Amino acid sequence: MPQSSISVLLSHYIHVVMHDHNKFGEVVGEVKEMGFNLESSNFVFALNALCGKNSKSIWKRSRGVYMRWGWSENDVLSAFRKNPEFMIMSEKKIMRVMEFLVNKMGWPSGMIAKYPWVMRHSLEKRIIPRCLVVKVLWLKGLIDENLSLGYVVQPDEKLFVERFVTKYQNEVPQLWNVYQGKVEIEDV
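Residue numbering for the sequence shown follows my numbering, beginning at 16 and increasing consecutively.
Every clue listed holds true.
Derived DSSO-like pairs: lysine-lysine, alpha-carbon spacing no greater than 30 Å straight-line:
| # | residue 1 | residue 2 |
| --- | --- | --- |
| 1 | Lys182 | Lys129 |
| 2 | Lys75 | Lys97 |
| 3 | Lys97 | Lys119 |
| 4 | Lys129 | Lys97 |
| 5 | Lys150 | Lys119 |
| 6 | Lys140 | Lys150 |
| 7 | Lys107 | Lys150 |
| 8 | Lys108 | Lys119 |
| 9 | Lys150 | Lys173 |
| 10 | Lys129 | Lys71 |
| 11 | Lys97 | Lys38 |
| 12 | Lys129 | Lys173 |
| 13 | Lys107 | Lys119 |
| 14 | Lys155 | Lys119 |
| 15 | Lys129 | Lys107 |
| 16 | Lys140 | Lys197 |
| 17 | Lys47 | Lys108 |
| 18 | Lys129 | Lys140 |
| 19 | Lys75 | Lys140 |
| 20 | Lys108 | Lys75 |
| 21 | Lys140 | Lys108 |
| 22 | Lys108 | Lys173 |
| 23 | Lys47 | Lys129 |
Ranges of calculated distance between the beta carbons of each label pair, as one might list FRET restraints:
| # | residue 1 | residue 2 | range |
| --- | --- | --- | --- |
| 24 | Gly85 | Leu157 | 25 to 31 Å |
| 25 | His36 | Glu172 | 43 to 49 Å |
| 26 | Val23 | Glu45 | 15 to 21 Å |
| 27 | Asn69 | Leu92 | 19 to 25 Å |
| 28 | Ile200 | Met33 | 46 to 52 Å |
| 29 | Glu54 | Glu160 | 36 to 42 Å |
| 30 | Arg83 | Val32 | 29 to 35 Å |
| 31 | Glu160 | Ser26 | 41 to 47 Å |
| 32 | Ser124 | Trp153 | 14 to 20 Å |
| 33 | His36 | Glu114 | 40 to 46 Å |
Keep in mind that the hints were calculated from the coordinates and are not lab data. Since the structure is predicted, the reported quantities are computational estimates derived from the model, not experimental observations. Where a beta carbon is used, it is the ideal one built from N, C-alpha and C, also for glycine.
Kindly generate the complete structure, drawing on both the sequences and the hints.
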């Protein structure tokens with residue numbers, strides 16, 4: 016394991032190494048079996064997700080929630096490899112984000128499995144404002160409906176505003192107000 020990963024482990028996740036030696040070795044083995052590279056920082060995040068208090072029950076609960084949304088076992092494992100920490104979120108948060116992205120926005124559940132780090136963002140501060148702007152642009156026919164979720168949620172605020180708000184300000188003058196939550200999309 017690289018020094019940088021050990022530093023992260025010791026400075027942020029000391030509880031992980033405080034486990035019984037046998038339990039810790041068992042979890043390290045599980046993480047390796049799941050396909051994580053020991054050289055990757057995601058290895059440390061996976062250890063944290065599987066070594067925390069009640070981690071096995073949290074893992075099973077989260078797995079079940081995602082599978083209710085149509086994810087396969089492979090979807091769950093693939094998403095976990097990309098962003099292990101999305102599995103230790105509360106069931107309430109998972110359900111709220113999935114409900115919004117799938118039922119309100121119309122994104123297929125499988126797309127969320129491709130971008131699991133999206134689940135870690137604030138629903139109110141990042142996901143909803145950005146998605147509402149995108150929905151307005153879809154409804155106006157100004158952007159492609161096949162836009163990836165990552166392209167919408169990943170960029171920093173400045174880049175998002177340039178791509179989706181400023182660029183279309185002339186066609187949709189109320190877009191900035193939609194982004195700030197001052198105007199409902201039905202009023203645009």
